[in-house]
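> Protein chains in written order, with this note's numbering: chain A, 524 to 638; chain B, 17 to 129.
It is worth saying that the hints were derived from the structure and are not from the lab.
For clarity, every value in this text was computed on a predicted model and none was experimentally measured.
Do not rely on the hints blindly, as some may be mistaken.
Taking beta-carbon pairs under 10 Å as the criterion, some of the chain A residues facing chain B (in silico) [as the list claims (entries may be wrong)]:
1) 554
2) 557
3) 574
4) 589
5) 614
6) 616
Note that beta-carbon positions come from the ideal geometry of N, C-alpha and C, so glycine has one too.
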Amino acid sequence: DQQVKQNSPSLSVQEGRISILNCDYTNSMFDYFLWYKKYPAEGPTFLISISSIKDKNEDGRFTVFLNKSAKHLSLHIVPSQPGDSAVYFCAASAGGEGGSEKLVFGKGTKLTVNP
Amino acid sequence: DSGVTQTPKHLITATGQRVTLRCSPRSGDLSVYWYQQSLDQGLQFLIQYYNGEERAKGNILERFSAQQFPDLHSELNLSSLELGDSALYFCASSVGISREPQHFGDGTRLSIL
């Protein structure tokens with residue numbers, strides 16, 4: 524049972540345009556969400572997070588939007604740069620008993636930004 | 017560079033063998049997490065330690081075990097290895113157990129022949 528879904532395996536955008544990556548979740552207990560970027564042969568790198576008490580969080584070119592009623596979040600990258608080409612993972616946690624922060628990951632979306 | 021160090025980077029072994037993967041967390045981080053990434057499953061949580069104590073368990077096989085030592089480094093032990101254990105194993109760390117990002121190492125690629 525996949526609790527975090529990234530339905531688009533790949534996305535291609537032009538340099539300078541907006542990249543929008545989407546993520547859906549099914550577990551209503553999730554209350555903390557993160558986006559990671561991964562280059563080949565490296566570990567995931569944290570990008571941005573959002574708590575369920577917010578509906579938007581911004582950090583430079585990256586903005587994450589959370590729609591709790593739709594159980595949907597998205598990552599916007601504006602403007603997109605060729606160096607943004609990577610696999611992007613959405614992750615969520617439910618703050619388990621005692622505060623464990625086990626992350627549940629989507630399967631990733633490969634973003635390609637064309638010069 | 018995340019500050020999380022995993023060794024070795026690559027490990028090739030045979031079925032039935034036992035291996036140990038090592039992780040040094042970022043300086044100051046007390047929590048260590050282990051994840052497995054296989055081709056068809058994506059990143060799956062295995063186990064978490066906080067300041068030496070097991071905190072949470074995911075879908076970790078009984079053949080797998082882990083521990084966190086007083087100096088906070090962690091080891092993941094995989095025994096009676098099977099072909100299906102071939103995967104990337106990631107370690108991550110965070111300062112505590114509240115709402116904060118986990119920072120990942122570059123992983124150990126385990127190949128079972």
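> All the hints need checking, so say for each whether the structure fits it.
The hints, checked one at a time:
| no. | hint | in the structure |
| --- | --- | --- |
| 1 | 554 | holds, 8 Å |
| 2 | 557 | holds, 6 Å |
| 3 | 574 | holds, 6 Å |
| 4 | 589 | violated, 14 Å |
| 5 | 614 | holds, 8 Å |
| 6 | 616 | holds, 8 Å |
The structure fails hint 4 only (numbered hints given earlier).
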